[in-house]
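K.L.:
Once you've looked at the hints, go ahead and assemble the two chains, each given alone in its own frame, into the complex.
Chains A and B supply the protein sequences, listed in that same order. If you're matching positions, the first sequence starts at 11 in this note's numbering and goes up one per residue. If you're matching positions, the second sequence starts at -3 in this note's numbering and goes up one per residue.
Take the hints with a grain of salt, since some may be wrong.
Mimicking DSSO-like on lysine-lysine, the simulated pairs with C-alpha atoms at most 30 Å apart in a straight line are [as the list claims (entries may be wrong)]: (1) A:Lys279 <-> B:Lys102; (2) A:Lys21 <-> B:Lys292; (3) B:Lys109 <-> A:Lys208; (4) A:Lys19 <-> B:Lys193; (5) A:Lys208 <-> A:Lys279; (6) B:Lys206 <-> A:Lys19; (7) A:Lys195 <-> A:Lys119; (8) A:Lys19 <-> B:Lys292; (9) B:Lys106 <-> B:Lys193; (10) A:Lys113 <-> B:Lys54; (11) A:Lys279 <-> B:Lys193; (12) A:Lys195 <-> A:Lys208; (13) B:Lys54 <-> A:Lys146; (14) A:Lys19 <-> B:Lys106; (15) B:Lys106 <-> A:Lys279; (16) A:Lys255 <-> A:Lys52; (17) B:Lys102 <-> B:Lys193.
The set of hints was computed from the structure by calculation and includes no laboratory data. Nothing here was measured: the structure is a model prediction, and the numbers come from that model.
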Amino acid sequence: MGIDGNLSKRKNILYCFISIMVLCIMLFPLYWILATSLKTEKEIFQIPPTFWPKELNLKSYMVQLESGDFNMFHSFGNSLIISFGAMIIAVILAVPASYGIAKYNFIGKRAIVLGFLVTQMLPVSVLLTPLFIMFKNMHLYNTFWSTILADATIGIPFSVLILKNYFAAIPKELEEAAYIDGCNKFTAFIRVLIPIAKPGVMVCAIFSFLYAWGDLAYGMTFILDQEKRPITAGIFNFMGQYGTKWSYLTAFAVVTIIPVTLIFIFMQKYIISGMTSGAVKG
Amino acid sequence: MVIYMNRIKKLFKYDNVGIWFVLPAFIYMIVFVGYPIIYNFILSFQDVTVKTLRSNVKEFVGFRNYLELFTQDNVLRTSIWNTLVFTVMCLVFQFVIGFALALFFKNRFKSSKMVRGLLMIPWMIPVTITGLIFKFMFGTDVGVINYFLRSLNLISENIDWLTNTTTAMPAVIFANVWIGVPFNMILIATGLTTIPKELYESAAIDGANKFQLFRKITLPLLKPTIESVLILGFIYTFKVYDLIYVMTSGGPVNSTQLLSTYSYKLSFDMFKYSKGAAVANILFIILFFVSLVYLKNVYVEEER
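So that you can see chain B by itself, here it is in the shape it has in the complex (with noise of 0.2 Å):
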């Protein structure tokens, strides 16, 4: 009864005047956001090709799309482990670097903050402009990389980045890894400002050393930041796009497809439209389950 009570209590309590702040935002949203999700769904389960785009009649084929995608299409299953090894593969190096970053510049010292904050800017170029820049820079006979190895002797000709398909993977790795370091360090640098210094103090005191400080303090505590740094990480590199685009188009030989480039390729250079919603369906199933786990520690966060 007194749960009942307080749940009309709770229900007069409601000011809808609220949601008429709110209404006109989720309106759009719902229109260029919400909308087109569902279509593309629908799109997924259709014939949808340049020749019947205009037409109102489309045919419903089920599961089709995705059957032949599993089964008859191995670019598929490439740009699947593609993607993959690329968001892992970034991932790793970002962080390791990001962290490592945080750490340095948690000293507070004569140009802390300035570099600092000149190192964001990798992550403030439009995605377009780091393309060019390490395509250039990854250039057979033009690229300063290849000539930077052959001064240190660590190559003896030059190495076709770009144009074989063992190294283009590793290549746009690290034009994304340098776009990542940021903002990994960033955020991470903001996790570390909430360890109360006190903790490092009396642990100095009983006789830690620096790696048991690093070990028993800051890794633990650091833990809520790690794993938001990691999962956003995750979505942000698992839906990556433009960056391969520029640099490889999915190139050679799908040697670096990704779903993202994969579906692009599927709906605006071969014009089967239903086919790149199927492809861009699955990249959002698999990061809808990703991001799962992350609105839940964000939500209980929200909620306290």
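This is chain A alone, in the form it adopts within the complex (with noise of 0.2 Å):
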């Protein structure tokens, strides 16, 4: 290994090589479940497995699209409302707390710093009895407003402490420069200062949907009816019925992580940022 990472020409063919193996062992389980549900349900019990299917078989999706026991399109709407819900709440709640929290001092602000640090440790089972009682009594149970409302728990304390470096990363001339344009506090809040955060805002926003894209406490506990679950929740009850239906249950988790690979491919520079910045910083 040379000291500064660069390698000779040999060395670099090998270390590729190494890396396509370990992307593929790691990869595997992913392109086993696509491969799986284009199989049909006898060459998925064959001995031995095929590793790509001897025909295509697309009946596990277009099933779905007639209305069976569960519809998977109508659950991934659900999931769609619920997480968009959760990340427009978030970011609406979490851009402003970030940026007082940058710029100002004020009493107590040491405190609510810590209160979002140690609601980012809290596990979901502290809060799903209570939340559970309470959105009973607030007539919320089972309508997607408890699973939005709970969701938003989880991208609000990420969002605040991601973005309040992004905010305290911006100097405090291009603010000053705003009032002396005739702004006060609040329109150089949204004039200025937000459009220069644009990239923090929109880590936040993708950690945020991607949250409660992935919750299935939320969605199977204070959701009922199968109508109004997100799919995560559609599929684990459908997993209680039909156990050993492979060929739907891997079809519904393709169309599961479809969103997720999408955001992926187009997001991924804010998605290492996100997972860093916030981790490592809390």
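P.N.:
What follows is the structure, given as structure tokens:
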């Protein structure tokens, strides 16, 4: 290994080869469910297993279009509503909060920052039972709102802690220039600071969306009707009823992963930055 | 006197406009997180079941729930032990593999950036789906893992991974390590970039070999990163819930029952809300003390 990390041509090829092998091993489970979702039920149980379907079978996907026991695309829509809802709440609340924390000194600031840090570490189990009872009393149980409100509590602390660093990095002079141009504190925040912190806002929006999209516990506990449940809870339910219908189950899995993959492909740099800054700095 | 004056000056420096920006988010978190935490504590000192959920008068029973859990309930002890085993095993494997990958991808070769990026995908997949995938792959007859093991002649008969009390835990640990490796890799890789190259260069000129470079430069300089990766990993792994719930629901015979799944089971399968709240609090308190260590680190850093 060269100390600066540059490699000879031969080593370059070798390392590329090893890295591709690692990638194949790590991503094999994903390939495997994609391949399985395109097989017939009979072929899935065949021994030895086929690593690519002999005949492409799209039935597992098509069946879902005609509503079956569990309409996958309907649940997909529910998940979209819930995740966008949670994302909007998280961004609208977290953006001003992080600006306030980054740019002003006020009494109780340290305690509030500490509070956001602690909530990030909270196990979901602590909130489930009390929120369940609360939502029942508020008549929000079994509505989208219950899950949206609960999911936003994951996105908010994460977003505040990330965005605070973005706002803190913006030089004071920019803000002062805005005041000279006739902005007050609120218009300066909206017209000048938010546009500059846009990459940070993107990170927060993406992660708030992904957290909500991946949630199972809240959606499963606060929404009773299969009709209104997000796709993760729908799949879990389906697994309980038709545990061995792997052609359908893997098709659901593939559909659930699609938005995640799209976000990943188009917004990879935001995701890496979110993971590293969010986790290391807390 | 000077100190006193400074304090007064500092007070005037406070600009309470800031609080109006923070207040909406703060109130939201108080309502949907702060209040529920307190409510959960109250709940654990009451006796709330499905019968008493709707009534206004709830019996206060003090520490009875906790006492019963610790003295009469073997499942609680099993869950605490399982949670520890699960967390420690996951941490060890995901840390070692993540570290190795981070070191490997430190080399700049043609596909390094792209492959490292793609390796993040397992971390982003909804955990429910990860659970489903591994439940399928660990299947007794249908599972591809048994097929691989048989092809390599490591086993002669199919193992019923998830329905056997001795193999269920290793299987769920395997699945969770798959999620955790990218997280460890990316954080350690970021930490590695902060080590100045010159250090390696001058040490190499002095004749240090690769192993010495790793032990004398990489490890000590990476210590803060390693600490936060391990503590964060502990916190995230200790409260894992969805994965276990999807793969085994805590079974067979509680062999993968964790504190998180047991709390859920008590509250929402057996409708013993107060007992469930008590178990959740035990989980919360353990996590809280671990978090303190982490918070101290972060806080020191924030203050700088």
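K.L.:
Tell me the hint numbers this structure goes against, listed in increasing order.
P.N.:
Numbers 2, 8 and 10, in rising order.
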